[in-house]
Amino acid sequence: MTTVTLQNLHKEFGDVVAVNGIDLEINHGEFLVIVGPSGCGKSTTLRLLAGLESTTDGRIEMGGRDVTTVEPKDRNVAMVFQNYALYPHMTGRRNITFGMKSSGDFTDEEIDRRVTEAADTLDIADLLDRKPDAMSGGERQRVALGRAIVRDPDAFLMDEPLSNLDAKLRIQMRAELARLHSTLETTTVYVTHDQTEAMTLGERVVVMNDGQIMQVDEPQVLYDFPENRFVAEFIGDPAMNMIPVDVKDGRAIHETFDIPLPSGNGQPKSNQNGAGDAQITDGQRAILGIRPEDLHLSDPQTNDELPTIDAEVNVREPLGDSLLLHCSIGNTSCNIQAEPRMPITAGETVSVTYDPARLHLFDAETGEAFYHSELRQSTDEQAPSKLTT
Amino acid sequence: MVELLQYAKRRADALRGNSAAETTYDAKPGTHLQLWLLVFAVVFPIAVAVIVSTKQTGVVTSLGDLLPGSYAVENYREALVDYQFGRFMWNSLAMSLVIVVGKLVVSVFAAMAIVYYRVPYKDLVFLFILFTLLLPVPVRFIPLFQLMNDLGWSNTILAITVPYIASATTVFILRQHFLSIPTSIVETAKLDGVGPLRFMLFVLLPMSKGVLVGVSIIMFVYAWNQYLWPLIIIDSEANQVAQVGLQLLQGDVQGGQLSWSLVMAGSTLTLLPPLLLMIVFRKPLLETFSIQQK
Chain A
1 MTTVTLQNLH
11 KEFGDVVAVN
21 GIDLEINHGE
31 FLVIVGPSGC
41 GKSTTLRLLA
51 GLESTTDGRI
61 EMGGRDVTTV
71 EPKDRNVAMV
81 FQNYALYPHM
91 TGRRNITFGM
101 KSSGDFTDEE
111 IDRRVTEAAD
121 TLDIADLLDR
131 KPDAMSGGER
141 QRVALGRAIV
151 RDPDAFLMDE
161 PLSNLDAKLR
171 IQMRAELARL
181 HSTLETTTVY
191 VTHDQTEAMT
201 LGERVVVMND
211 GQIMQVDEPQ
221 VLYDFPENRF
231 VAEFIGDPAM
241 NMIPVDVKDG
251 RAIHETFDIP
261 LPSGNGQPKS
271 NQNGAGDAQI
281 TDGQRAILGI
291 RPEDLHLSDP
301 QTNDELPTID
311 AEVNVREPLG
321 DSLLLHCSIG
331 NTSCNIQAEP
341 RMPITAGETV
351 SVTYDPARLH
361 LFDAETGEAF
371 YHSELRQSTD
381 EQAPSKLTT
Chain B
1 MVELLQYAKR
11 RADALRGNSA
21 AETTYDAKPG
31 THLQLWLLVF
41 AVVFPIAVAV
51 IVSTKQTGVV
61 TSLGDLLPGS
71 YAVENYREAL
81 VDYQFGRFMW
91 NSLAMSLVIV
101 VGKLVVSVFA
111 AMAIVYYRVP
121 YKDLVFLFIL
131 FTLLLPVPVR
141 FIPLFQLMND
151 LGWSNTILAI
161 TVPYIASATT
171 VFILRQHFLS
181 IPTSIVETAK
191 LDGVGPLRFM
201 LFVLLPMSKG
211 VLVGVSIIMF
221 VYAWNQYLWP
231 LIIIDSEANQ
241 VAQVGLQLLQ
251 GDVQGGQLSW
261 SLVMAGSTLT
271 LLPPLLLMIV
281 FRKPLLETFS
291 IQQK
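Protein chains in written order, with UniProt numbering: chain A, 1 to 389; chain B, 1 to 294.
Rather than coming from a laboratory, the hints here were simulated on the basis of the structure. Bear in mind that the values here come from a model prediction, so they are computed numbers and not experimental data. Where hints are given, some of them may not hold.
Derived lysine-lysine pairs resembling DSSO-like cross-links, with alpha carbons at most 27 Å apart [stated by the list, open to error]:
1) B:122 <-> B:209
2) A:131 <-> B:283
3) B:283 <-> B:209
4) A:131 <-> A:101
5) A:101 <-> A:73
6) A:73 <-> A:168
7) A:168 <-> A:131
8) B:209 <-> A:131
9) B:283 <-> A:73
10) A:101 <-> B:283
Cβ-to-Cβ under 8 Å is the rule here; a few derived chain B residues that face chain A [what the hints assert, rightly or not]:
11) 123
12) 127
13) 182
14) 184
15) 185
16) 188
17) 190
18) 194
19) 202
20) 206
21) 237
We put the beta carbon where it would ideally sit given N, CA and C, even for glycine.
All chains, full assembly: derive it from the sequences and hints.
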């Protein structure tokens, strides 16, 4: 069992605080992704886990053992780097076996057996006699993965392993990593700045900013119920629209619109308070968050009772599968993901409706979310839906 | 000169708004002539030396004297056998090899310590190593001479090699190269539990092959061309090196019989080992000194 526990982890480089008090428990066999903007401390956290950096404060446990001051080689973790870190003068096979031979823990037969196994798993048998120079980026990363898996480590630590690959290969390798993890079921910590990678690969995703954890959740929960503005804006592309509003009588009031805030399940708010809006107080300044795909151009035929919002289109960006409109609502800029091929031109004013189940309110000061129009279900109920995604 | 002209031309074109692609530069006959002139200026003295080494007396007074003579075999035999120039060359070779190998060993360890280890005041130590570059070698001759005598090393190969084994230049070049090796490679080795010696032998040195060869060539040529220090510290003919030995080929100078042809034969011989090395290893040599362009 390799449960990894981080307690109050701190790392400072001189005056710079890279990691500022992280508490995290990584379950055995879990694929955990740490995502965040550059400089948020995600790589440092990974390097602390590997033992490549020493902690300033806090504690790291692996499988119940305190490894805070243990040498990297004695932690039994394998790391995969963005630049593959293959030894350029060694063949694929030697790259894979060099570390094992150095540690002296394996017999030659054992090494041969494991290399053959790893080569089968990763389909790299024909790369074993080539040097990294003669391999493509994807092939190199596969050999680097091979080097990591032959040692049968307690945990894989991956530092943006796909960032150097081109877009197509990245998608392919992503699927391969997911497959590899389901085969090996080794605890994996994966650092990336790419939210798509985070969402697709992670069983749970940690969003970090400024050396702190913003939220840890399953990808869909992270997307549907961001705990704060940072997560709301970081996860999702194009980013969630943030519109300053006043909250009054269960309505969000903006200079150009006034919409009701439904209680749970997207139903219009009744007098009984739903759990989602328990903390709404009248007259509160807040930020209304609506994702671009939750805003629709209103259709006069379907006569729903939802209020509409007027938005002036500034720029239109046809994305193929959708049409992204950069608009202004009053003085606030806002993106709308509309149906493709809509005959809309810049300068036009469009009437927009929204999905009442997908409204979020954030505190104007702290950025903490205090309202989601849909009730968050318990984790047990979320799990089956995760499998189908 | 040619580059300067072309550069000026490119600048002018750029100012006029023409892109480099629009302007073509033909290699005109004039360009080649200029290049040949430059090559000629460099090669001329060496060519004269080679020509003179084939003549009987080797006194050049007119252009006609610059035709090859027929005494080549005779002159080279005399220098190598009668004047024992082969012996001097052998001494030079031994001295140069010891210096090169010694420098490499010391510098690799030093650079490794500077780059990969946490040593207190590491930067200061490195600065001090660089500082030694500021001190011209001849400044050290007098105390060094004293030291060699005290150690009883004068007139031995130790005296002409050991003082040259530490090299700030080599440490510096190796340090820069080690720093250019991705840290992830070093960290992978760390995570795999690869020991420092194993790391050096199987990762660092193979990855530094080009630089090591390049530095070795430079160091070899530098060592091979040592003149002043061997002249001071070696006083037996049997242990003397080629650069100093050249002087012994002059023959009966007092009698006005300076045999230029022998001196030039010796010079040509002395020129050969570095030249051969340069030709054989020109590729790693160029790579070493174009690190910044990578």
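Practice problem: Sort out which numbered hints this structure fails and list those numbers smallest first. | Solution: Of the numbered hints given earlier, those the structure breaks are 6, 9, 10, 11, 12 and 21, listed in rising order.
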